[in-house]
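From just these sequences and the hints, can you work out the full model?
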Amino acid sequence: MSPELSLPLTPVRAGLTVSLCLLAAGCMTSRVEGLKNASTGIDDDQSIVIVEASYYTGNQTEDKFVDCVTREVQKGSAKLSVFPDQAFADALFPWFEPRTMPQGPNALPELMAKPGVAERIRESGVRYIVWINGSTERTSGGGSLSCAVGPGGGGCYGLAWWENDSSYEASIWDIEDGASAGAVSAAVRGTSMIPALVVPVPLIARTQSAACKGLAKELRNFINEGST
Amino acid sequence: MQILPGHDAAAGSYVNQTMIIIPSHAKTAILLAAGLALSGCSPSIEVKTTFPEPLVDALPITAGIYYTEALTNYTYNEELPMDNIDWTFSIGAANQLLFESIFSETFAQVVAVDSTTAGGVDVILEPAIQALEFSLPRQSRNNQYAVWIRYVINVYGPDGKLRSTVPVPGYGEVDSRRLKGKESMRAATVWAMRDAASIIIDSLTKDTALRRAVMGEQNTSNSPPGADLADRDPIEAEALESSPEPPPENPAFTIEEFISES
Chain U
287 MSPELSLPLT
297 PVRAGLTVSL
307 CLLAAGCMTS
317 RVEGLKNAST
327 GIDDDQSIVI
337 VEASYYTGNQ
347 TEDKFVDCVT
357 REVQKGSAKL
367 SVFPDQAFAD
377 ALFPWFEPRT
387 MPQGPNALPE
397 LMAKPGVAER
407 IRESGVRYIV
417 WINGSTERTS
427 GGGSLSCAVG
437 PGGGGCYGLA
447 WWENDSSYEA
457 SIWDIEDGAS
467 AGAVSAAVRG
477 TSMIPALVVP
487 VPLIARTQSA
497 ACKGLAKELR
507 NFINEGST
Chain L
680 MQILPGHDAA
690 AGSYVNQTMI
700 IIPSHAKTAI
710 LLAAGLALSG
720 CSPSIEVKTT
730 FPEPLVDALP
740 ITAGIYYTEA
750 LTNYTYNEEL
760 PMDNIDWTFS
770 IGAANQLLFE
780 SIFSETFAQV
790 VAVDSTTAGG
800 VDVILEPAIQ
810 ALEFSLPRQS
820 RNNQYAVWIR
830 YVINVYGPDG
840 KLRSTVPVPG
850 YGEVDSRRLK
860 GKESMRAATV
870 WAMRDAASII
880 IDSLTKDTAL
890 RRAVMGEQNT
900 SNSPPGADLA
910 DRDPIEAEAL
920 ESSPEPPPEN
930 PAFTIEEFIS
940 ES
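Just so you know, the sequences run in chain order U and L.
Residue 287 is where the first sequence starts when you use the numbering used here, and the numbers rise one by one after that.
Residue 680 is where the second sequence starts when you use the numbering used here, and the numbers rise one by one after that.
Since the hints were derived computationally from the structure, they do not count as laboratory data.
Mixed in with the good hints, there may be bad ones.
Listed below are the simulated DSSO-like cross-link pairs for lysine-lysine, each with C-alpha atoms no more than 30 Å apart in a straight line [stated by the list, open to error]:
no.: 1; chain 1: U; residue 1: 322; chain 2: U; residue 2: 503
no.: 2; chain 1: L; residue 1: 859; chain 2: U; residue 2: 361
no.: 3; chain 1: U; residue 1: 400; chain 2: L; residue 2: 885
no.: 4; chain 1: U; residue 1: 350; chain 2: L; residue 2: 840
no.: 5; chain 1: L; residue 1: 885; chain 2: U; residue 2: 499
no.: 6; chain 1: U; residue 1: 350; chain 2: U; residue 2: 365
no.: 7; chain 1: L; residue 1: 727; chain 2: U; residue 2: 350
no.: 8; chain 1: L; residue 1: 727; chain 2: U; residue 2: 400
no.: 9; chain 1: L; residue 1: 727; chain 2: L; residue 2: 861
no.: 10; chain 1: U; residue 1: 499; chain 2: U; residue 2: 350
no.: 11; chain 1: L; residue 1: 885; chain 2: U; residue 2: 350
Here's what the structure looks like:
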């Protein structure tokens, strides 16, 4: 008979599972918030466009974060229809280029007054412009990890860790009202580590992914709130 | 190729040493292959794209556009210091497409002319490139591939008199984590060209030096080319000042960064 580890108590087994999951995901704290200036809602034939704030404003949002939010808001029961950002910029050329795009909701009337812009936006079905700002930064790190390889094999020893801070904000402009509808934000801080005793075990805190999912969920709720 | 046994005189016996003799034609082939492999390290950026039709009201004039060979065959080559990699930008054909796209919508009528003097037009525009610069993520110490293009628009009256020379900067950057190397640089080049287009179109819709020169409202024929640089109006000044600075010529970087970038 082969030896077998049995955990008869369900709470113990559940606790161990949760601990392992938490450990494997690294340690993270997150805060997702929304600030609403006006009532929202979206019809079935309407869509949103998600764009990263211009690099002329010093914004350095990672493209993959914008891609992630775009993907995530199109999931679930309250999913939103997203108009492709590049097609939107092409349709409004040259008024939605990084240099010429409106820098605040008060510039929306000026944009809409440009020849053909209002018609193009109406044709696209875009109701909200969502501006993504923010980035993921490594705030601290430390420890040491060394690896060696010899004729008899190899291995690593030590502990390395680092802390990432993902902080993003999505500002929502209502094109119909020509004003800001509000903003949602996600801030996720997490510590990743790689303990190694012969074999390194990476425990990565995926702060950017968590911020993306948190922001996308909040964005879906924010925009759908007044929809019937 | 022949493999011959070697003789170890010191040991006084034959050993399994081998000597490789390569015929001369094989040497040539190897050198050629090495050359081809090395040329793979010299990225060539060729922009083949169309540009969107601009949303703008046309000015009620007929414009002649003079496309010089320098513009339509424009190629820029630069060997980056320290890494012996040649970057080549071929944007001549795209230049012509860009300006055709801009001017076909900004003027009521457009004709291509073959000199700076022509009849039957109200104005002649001669677009040109003054400079192109670029930077890699390791140079600017961020994740961006960036391209700067400095265009100028020479504006002539139908009599061939130079009315004005207006500088138009274009800047584009692309996150290196979305596209890799050459593709990021190509995309940044397209963004720089679109950026320049947005400045030209915006300038033509406002009371700017470019619009005044195009409409013949300001006679600057006595001014040498570039004289109105000192007297440029807010949109152009803002455009010039807001373009991020090109990188230093010999940026310092560590060998680790070079390896990770490569």
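Results of checking the hints against the structure:
no.: 1; hint: U:322 with U:503; in the structure: holds, 15 Å
no.: 2; hint: L:859 with U:361; in the structure: holds, 28 Å
no.: 3; hint: U:400 with L:885; in the structure: holds, 12 Å
no.: 4; hint: U:350 with L:840; in the structure: violated, 51 Å
no.: 5; hint: L:885 with U:499; in the structure: violated, 43 Å
no.: 6; hint: U:350 with U:365; in the structure: holds, 20 Å
no.: 7; hint: L:727 with U:350; in the structure: holds, 25 Å
no.: 8; hint: L:727 with U:400; in the structure: holds, 29 Å
no.: 9; hint: L:727 with L:861; in the structure: holds, 14 Å
no.: 10; hint: U:499 with U:350; in the structure: holds, 13 Å
no.: 11; hint: L:885 with U:350; in the structure: violated, 37 Å
Hint check: violations occur at hints 4, 5, 11; the rest are consistent with the structure.
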